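Undergrad: Chain by chain, the residues:
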Amino acid sequence: MNAATFGVARRKWLPHAIAVVSLLILLYPLVWLLATSLKPADEVVTSLDLWPSHLEWSNYTTALEGVSGVSITRLFGNTLLIAGGAVIGNVLSCSLAAYAFARLRFRMRKVMFAFMVATLMLPHHVVLIPQYIIFNRLGLVDTYWPLILPKFLATEAFFVFLIVQFMRGLPRELEESARIDGCGPFRTYWSITLPLSRPALITTAIFTFLWAWNDFLTQMIYLFAPEKFTVTLALRSFVDQSSTSAYGPMFAMSVISVLPIVLFFFVFQRYLVQGMATSGLKG
Amino acid sequence: MSTLSTSAPARAPRGTVTEGRRRVREKQWPAYVFLSPWMLGAGVLTLLPMAVSLYLSFTDYNLFDPPQWVGLRNYAEMLAGDPRYWRSVGTTMLYVVVAVPLKLALALGAAMLLKNLSSRGRGFYRSAFYAPSLLGASMSIALVWRALFNDGGSVPDVLGSIGIDTGGWVGNPNLAVFAVVLLAVWQFGAPMVIFLAGLQQISPDLYEAASLDGAGAWRKFVSVTVPMLSPVVFFNLVLEIIQSFQVFTPAFAISGGKGGPADSTMFYTLYLYERGFTASHMGYAAAMAWLLLIAIGVVTVILFRTSRSWVFYADEEGR
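Listed in order, the protein sequences are those of chains A and B.
If you count by my numbering, then the first sequence holds residues 8 to 290, one letter each, in order.
If you count by my numbering, then the second sequence holds residues 163 to 481, one letter each, in order.
Keep in mind that the hints were calculated from the coordinates and are not lab data.
Heads up, a few of these hints could be off.
Unchecked claim - Pairwise CB distance ranges (calculated):
| no. | chain 1 | residue 1 | chain 2 | residue 2 | range |
| --- | --- | --- | --- | --- | --- |
| 1 | A | 117 | B | 381 | 38 to 48 Å |
| 2 | B | 418 | A | 88 | 25 to 35 Å |
| 3 | A | 206 | B | 366 | 21 to 31 Å |
| 4 | A | 65 | B | 285 | 56 to 66 Å |
| 5 | B | 333 | A | 58 | 46 to 56 Å |
| 6 | B | 252 | A | 27 | 18 to 28 Å |
| 7 | B | 252 | A | 191 | 20 to 30 Å |
Please read all numbers here as calculations on a predicted model, not as lab measurements.
All C-beta atoms in this analysis are idealised placements derived from N, C-alpha and C, irrespective of residue type, glycine included.
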């Protein structure tokens, strides 16, 4: 083998080798999570092996009982309710606002659009305390309203922006001909633009679900009663205890809590990756 | 290709003045119907809270008694009389300055690596490398991280076996923050996906022309890849910096909810939460939030200003 062909061969396998090694390092925490969730209590600290000597399924039975008397089905149901409400709210309200910004003419459009874009950079903490005061005055603390209602008011500018960018890229001809056929703006939005915007709406739905599922700060501030707890808040109660004795059940619960994310990843990875890529490139 | 475009879409052409005016009047109200949820949210849940939070920052407020006007006292205390505040600023700055460049460098490196793979391999690794970005924000992974970097966890073990004895990171005031940094770096997949899309938009003709001129791999990277990719680098940089300032969940979990040990993981947002919601100093927390807003605003403006000298927009050439 001369130097030139060796170079070509090396160029072929080297990127693959680096990619495989990187992948193994990246996936290690996830493998560790799965392994630890199945370890018997005495092996967590003493055994240096990654994999348990026998699979301790009782960790999962303990985890399924939930935390402070609230079953995991209840925790899952609560989290699903919040995430589902957030998805419906964001898809509806953000696509309505986006249609107006992308397609309609109205006074102050430039000002409002600029304001919407500026709120992309607004740290959540600036509005966190007054929002809490407002919901507290309304008697809505310790209910799900503070977590769901804002989504119906298009407060997540990121998604409005994403859908505006997508709608701008759609051909106007279909909407024009719909208008000539007598469609008003509402009919046009509902029957023409919305179906065409499906990829952007799916991206919005997936990311809204994942963010709501992973959310911690807002849930911690607004929810107090254990029976209203979410999966994340149930896991939070493990934060204070640093002893390794609870590792098995704690990580069994962690595995259960990331299952929906993993499932979403496998089902929707095309939309996730593409939504991510276009958010940065379309102008 | 222009990123972060802020201009509203161009106006549609009008008819004659009188006709146009009539049509505008007919067409204005549906737009406001479409916008009404957003306008309500922007008014009641964004603008009003911003104003309230600015007002509260000049008061003493504990949520139960009416706010007491104290003028600039919160700001003065923060800037001159609160070492924990400065500790939180230092920790957050250290985090931003270390985590963002590391994460972006890794993201760019991975994107360039994947670009050289066959399209099948590229699709697989792109998804696989992206997965941590979805999981990384969860409480579960934060707990995993705490265990991995704790005394007797895998990371100190592996480092110890190659002769680097660090002990547990989580209990070490000098190292705890770097566990949080590495959790951010682990999520390099999100910017990587954006970099990869940007790389794939660079015309192969440019590389070919550079080859004909005798450019090697490094020269092509510096003279073709870097300038053509600079808008995407800029977009990622702005996005990551803004997000990094607001990191919360991993800091909370790794520090046991208290910013420890010795306040070494007391991130800005964690301290803000502690002041506002644990200690009920809502006015102080509001002042902290406004300084965060100002800091993010200043950094963003500086980035946009300096971007004129290093970000290259191909479609604006010769302007």
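Undergrad: May I ask you to test the hint 46 to 56 Å on the CB atoms belonging to residue 333(B) and residue 58(A)?
TA: violated, 27 Å
Undergrad: Holds or violated: the 21 to 31 Å window for the beta-carbon distance between residue 206(A) and residue 366(B)?
TA: Because 27 Å falls inside the window, the suggested range holds.
Undergrad: Can you let me know if the beta-carbon spacing of residue 65(A) and residue 285(B) is within 56 to 66 Å?
TA: violated, 40 Å
Undergrad: Is 20 to 30 Å a correct range for the gap between the Cβ atoms of residue 252(B) and residue 191(A)?
TA: Violated, since residue 252(B) and residue 191(A) (Cβ atoms, about 57 Å apart) do not stay within the stated range.
Undergrad: Verify the CB-CB distance for residue 117(A) and residue 381(B) against the hinted window 38 to 48 Å.
TA: holds, 44 Å
Undergrad: Given the hint of 25 to 35 Å, is the C-beta distance from residue 418(B) to residue 88(A) inside that range or not?
TA: At roughly 29 Å between Cβ atoms, residue 88(A) and residue 418(B) fall inside 25 to 35 Å, so the hint holds.
Undergrad: Given a hint of 18 to 28 Å, does the C-beta separation of residue 252(B) and residue 27(A) actually sit inside it?
TA: violated, 39 Å
In the structure shown, a violation is registered for the earlier hints numbered 4, 5, 6 and 7, in ascending order.
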